[in-house]
Amino acid sequence: MCTPKNALIVDDNQLNSNLVAAFLKRLGWQACIVNTGDDALRWLQAQPFDMVLLDLRMPHLSGEQVCRRIRDELGLDSLHVVAYTAHGMPEERHRMLSAGFDDLLIKPISFADVKALCTVFETRGER
Numbered sequence: 002m003c004t005p006k007n008a009l010i011v012d013d014n015q016l017n018s019n020l021v022a023a024f025l026k027r028l029g030w031q032a033c034i035v036n037t038g039d040d041a042l043r044w045l046q047a048q049p050f051d052m053v054l055l056d057l058r059m060p061h062l063s064g065e066q067v068c069r070r071i072r073d074e075l076g077l078d079s080l081h082v083v084a085y086t087a088h089g090m091p092e093e094r095h096r097m098l099s100a101g102f103d104d105l106l107i108k109p110i111s112f113a114d115v116k117a118l119c120t121v122f123e124t125r126g127e128r
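The opening residue of the sequence shown carries number 2 in the working numbering; numbering runs sequentially from there.
To be clear, the hints were calculated from the coordinates, so they are not data collected in a lab. Some hints here could point you the wrong way.
As the list claims (entries may be wrong) - Result set (DSS-like, lysine-lysine): computed pairs, CA atoms no more than 27 Å apart in a straight line: (1) LYS26 / LYS108; (2) LYS26 / LYS6; (3) LYS108 / LYS6; (4) LYS6 / LYS116; (5) LYS26 / LYS116.
Treat the numbers as computed from the prediction; the structure is a model and nothing was measured.
Use the sequences and the hints to build the structure in full.
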């Protein structure tokens with residue numbers, strides 16, 4: 002039996018977090034939910050994750066700031082970091098990928114979106 006993959010979901014909206022966690026669970030993943038960027042950075046220092054789903058608009062630290070800190074301060078270059086937002090214009094996608102994100106999901110997120118993301122992640126493997 003395969004070991005489940007672990008995802009860290011970072012979103013200040015509990016409804017969004019719970020929905021994404023439920024989708025991941027259906028796909029055989031385990032999910033940990035935190036609601037601030039500071040909490041995400043602490044969790045990432047304490048234990049390994051296979052993927053982070055990171056809301057872009059949060060109080061105190063934005064998703065973009067958290068991603069830069071994941072890459073620059075924590076040195077987690079191979080960690081798959083996915084931005085998710087309700088504001089997904091094409092120019093924003095380019096900016097997010099330039100900021101260190103591996104992928105971008107646009108809210109509202111569906112089960113099919115999360116399944117496609119997990120399929121791409123599993124096909125790509127680790128960077």
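Hint check results:
1. LYS26 / LYS108: holds, 19 Å
2. LYS26 / LYS6: Cα-Cα ~10 Å, so holds.
3. LYS108 / LYS6: holds, 23 Å
4. LYS6 / LYS116: With Cα atoms ~13 Å apart, LYS6 and LYS116 stay inside 27 Å; holds.
5. LYS26 / LYS116: holds, 11 Å
Of the numbered hints listed earlier, not one is contradicted by the structure.
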